[in-house]
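Order-wise, the sequence lines are chains H and V.
Note that this note's numbering gives residue 276 to position 276 of the first sequence, counting from 1, and the numbers run on in steps of one.
Note that this note's numbering gives residue 1066 to position 66 of the second sequence, counting from 1, and the numbers run on in steps of one.
Simulated from the structure, these hints should not be mistaken for laboratory data.
Please note that the accuracy of each hint is not assured.
Covered stretches of chain H (in silico footprint by chain V; criterion: 3 or more residues with CB under 8 angstroms from a CB of chain V, positions within the stretch not fixed) [stated by the list, open to error]:
#, stretch
1, 70–81
2, 110–120
3, 146–152
4, 160–170
5, 178–190
6, 231–242
Beta carbons are placed, not taken as given, at the ideal position from N, Cα and C, and that holds for glycine.
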Amino acid sequence: MTEPRSELHRLLLSGEFVVTAELETTDSADPASVTTLAEALRGKVDAVNCTDNSSSHTHIAPMAAAHLLLDSGVEPVMQFACRDRNRLALQADLLGAAALGVRNVLLMTGDDVTAGDHPEAKPLFDIDSVHLLRIARIMRDEGRYLSGRPLTQPPSFLIGAVENPFAPPLEFRPMRLGKKVEAGAEFFQTQICFNLEKMRLFMARCGELGLLDHVWVLAGVFIPRSGRATRYLRDQVPGIDVPDWVIQRMDVGPPEAQQRTGIEIALELVDAVRQIPGISGVHLMTIHNEDAILTLVEEAGLLPRPSGVRQPVA
Amino acid sequence: MGRARLDRRPPQTSPAPGGFRKVLLLVERSTKEAVWDCRMCGQCILHSTGLSCPMRCPKSLRNGPCGGVLQDGSCEVVPEMRCVWVAAWEGSRKLPLWRHHMEHVERPTDWRLQETSSWENLLTRRDHHVPDGWVPAKERP
């Protein structure tokens, strides 16, 4: 029996359908900016992602956000992108995060700097996500840095990765998931899923390749707030497949009606992905629409969470 | 040629290119730049990536595409360019001997080899260098 490395890991091992959510990015030096969001999500989801300068816009450091989540009794999934740090800094932060009590990490390549508010910046991309996954495994399982130098105490965390089943080359995407599994990924969160057909094909192919016996896949579900926000997602965020039916449904009615439609679309998607073999949970995302996450988990029958409400540390 | 650059390769490789090595570098650069838009990373894996140079990817990805590839297969950073990895996938299907290399995990880039000849590095096995930690525990001496 595998010893769980985190609460999220324990739930995945027990076969529970897990729910994770993305923490709204904050641009405040006030810790309450994070803890208020954390308190709203506590007990409603199993773990919360701290993004790493998402969409290449600068925000509060994921290391700090993860620490504040832990203080609030919420389990963090700390994201690491390869855009802003080289292999030295990434390893230093993996070790530091583990020392602070972070038990889930999510390792990715990251958007290019040209997508963000500092397009003049030097993009690092010293290593890629596959390398970083392998390096995290070397640190954890072999107690060494990439250089081979030994660690005094290796970190213990569940290692996650991302995959986008909706972007070309579609045929290669399952193999890419396979490469990440080989490199060291133990769970996946997918890009936002609207196109169920592509998701089913992707999961079926991963199954044929024998990959799903080794990893858990959490489907990314976005809760749209308005027709306009959904268009933004389609036109401004690279790699997201937003079919026309989503836009058509979201465009109908006044803002309040659109907000409700968004929750209904997300509910339908959650129900649909639950039926796909190999999907072990959902990862919920919004843009300035945190309350929708609470409504969604309630109405989707995902409450109460088995992890329950944990007491804040502080 | 003649561009002054800091040679950060390990000591055994530091002498400045001269004679045969200079010619090798010149021939490699002129042919591969013309044919594959080669970026002279000095650790060529073109045959493993369907003859689509992975260093043309704005993120220098050597293990496959990022998640930002646009729906029409173009690059998220340079939308007028076709994703290097979409081309790599298609190219690799036409190379029966190496197509399975697309599934290989490629080692981290050795940035010291930038702008050096990958042919020379292949002959001298300099492109075989991997950090000690990358070597699987069971294969370590």
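Hints versus structure:
Evaluation of the coverage hint for the stretch 70–81 of chain H: breached, as 0 residues show C-beta separations to chain V shorter than 8 angstroms, against a requirement of three. Restraint check on the stretch 110–120 of chain H versus chain V: 4 residues with Cβ-Cβ distances below 8 angstroms, three needed, restraint holds. Given as covered by chain V, the stretch 146–152 of chain H passes the check, having 4 residues with a CB less than 8 angstroms from a CB of that chain where 3 are the minimum. With 6 residues having a beta carbon nearer than 8 angstroms to a beta carbon of chain V, the stretch 160–170 of chain H meets the requirement of three or more and the stated coverage holds.
Under the rule that three or more residues need a Cβ within less than 8 angstroms of chain V, the assignment of the stretch 178–190 of chain H holds, with 4 such residues. Look at the stretch 231–242 of chain H against chain V: 3 of its residues bring a Cβ nearer than 8 angstroms to a Cβ of that chain, three or more, so the hint holds.
Checked against the numbered hints listed earlier, the structure breaks hint 1 alone; every other hint is satisfied.
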